[in-house]
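Spelled out from the first residue to the last, the chains are:
Protein chains: 2
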Amino acid sequence: MENLKQPTESNKKEKSTQEIVVLRWGHRPQRDARLTTHVALTARALGASGLLLSDTVDKKIKETTEKVTRNWGGKFFFEMETAWKKAVREWKAKGGIVVHLTAYGENIQTSDVLHRIRNSGKNVLLIVGSQKVPKEFFSNAVSDFNVSIGNQPHSECAALAVFLDRFFEGKELAKGFKKAKIWILPQERGKKTVFINKKMLGI
Amino acid sequence: MENLKQPTESNKKEKSTQEIVVLRWGHRPQRDARLTTHVALTARALGASGLLLSDTVDKKIKETTEKVTRNWGGKFFFEMETAWKKAVREWKAKGGIVVHLTAYGENIQTSDVLHRIRNSGKNVLLIVGSQKVPKEFFSNAVSDFNVSIGNQPHSECAALAVFLDRFFEGKELAKGFKKAKIWILPQERGKKTVFINKKMLGI
Chain A
5 MENLKQPTES NKKEKSTQEI VVLRWGHRPQ RDARLTTHVA LTARALGASG LLLSDTVDKK
65 IKETTEKVTR NWGGKFFFEM ETAWKKAVRE WKAKGGIVVH LTAYGENIQT SDVLHRIRNS
125 GKNVLLIVGS QKVPKEFFSN AVSDFNVSIG NQPHSECAAL AVFLDRFFEG KELAKGFKKA
185 KIWILPQERG KKTVFINKKM LGI
Chain B
5 MENLKQPTES NKKEKSTQEI VVLRWGHRPQ RDARLTTHVA LTARALGASG LLLSDTVDKK
65 IKETTEKVTR NWGGKFFFEM ETAWKKAVRE WKAKGGIVVH LTAYGENIQT SDVLHRIRNS
125 GKNVLLIVGS QKVPKEFFSN AVSDFNVSIG NQPHSECAAL AVFLDRFFEG KELAKGFKKA
185 KIWILPQERG KKTVFINKKM LGI
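Protein sequence lines correspond, in order, to chains A and B.
Oh and the first sequence: position 73 is 77 in this note's numbering, straight run, nothing missing.
Oh and the second sequence: position 179 is 183 in this note's numbering, straight run, nothing missing.
So here's chain A without its partners, still in its complex pose (with noise of 0.2 Å):
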């Protein structure tokens, strides 16, 4: 029965110290409403520690993540509506950083921008955008760093999964997710997953 274990929890002193929360602006409920399910979904499983939808509400995309989190474990906080100037003013408050994401950016494979980031130790409150972003997120006073993953026109999922698997060299993709009450034992063929209490899902 050995294989039924849950993974384990990385060892505190591997983890990175530094925390990112992920600041998702634009959001138009109906228009984004999966697009956002998926940013907030891979924002949780790739290592992040909250997401917040500033500025606006929506009340299933917060279920849903949260849902997700009860089930399947770890600590991840979704807030809404508050104005993204409040929360950036917030974060640089406490000591953090902002990172905006952007195809505009410095080229995080063919500069030095994630070293910075990481070697700045700070906490990261990293701005994903939907809509065509206001023009002072570029500037320093709301973003001390512009991030491209590569200078394509693609998706901000795909840009955020990048980020975070490359800022967490990929270690979040091992975790064990405290609490959970199902996981997946990955195999080769097949699914298999554990549950811990059936009847607590409702399934």
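Since the hints were derived computationally from the structure, they do not count as laboratory data.
Certain hints may be false.
[Unchecked claim] Derived contacts from chain B toward chain A, CB cut-off under 10 Å, selection only:
1. Arg35
2. Leu39
3. Val72
4. Phe142
5. Ile153
6. Gly154
7. His158
8. Ala162
9. Leu168
10. Ala178
11. Leu189
Even glycine gets a Cβ: it sits at the ideal position worked out from N, Cα and C.
Using the hints, position chain B against chain A.
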């Protein structure tokens, strides 16, 4: 004016000789329109050669993707409607392997599955599902490898991005796209774009 030059195409010798084509399965034209567009643009930006939208037609996504390729350069094909079974059969007949991205598969971080895929030296048809996929996708009649990007629920767009980034070791984010009419000059602040011929772009 040196910095107005488009990045040069990677040296041929440095490029992986393995090609990746994405097979997007289970696309529902209304519901998945934006996500599949993001999947297609991510595939293009992160180094895949093309995308097969299997078993269905969505002309709008094809147009969007091809327009991006026309303007931003490089080669990227978009095919629709091919039955997935036929696509898999033909791919294997040409000596390629099939990799299925799924949360249930071998973890890309904790297993050596990526190493085995790259070591095969063969071209990869990368299946990216949308809805719940048919059971047979997990069988060796279809997939040579089932690969998970972590074993948590998140996003096929995120999973595709991380797979491509790791497979190509980030090089795809540095490469130039041939015959581009427009490209971005990455910089610390602001937005800088170069257009070859604004009339050709209709802007």
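Consistency of the hints with the structure:
no.	hint	in the structure
1	Arg35	holds, 8 Å
2	Leu39	holds, 6 Å
3	Val72	holds, 6 Å
4	Phe142	holds, 5 Å
5	Ile153	holds, 6 Å
6	Gly154	holds, 4 Å
7	His158	holds, 4 Å
8	Ala162	holds, 4 Å
9	Leu168	holds, 9 Å
10	Ala178	holds, 5 Å
11	Leu189	holds, 8 Å
Hint compliance for this structure: no hint is broken.
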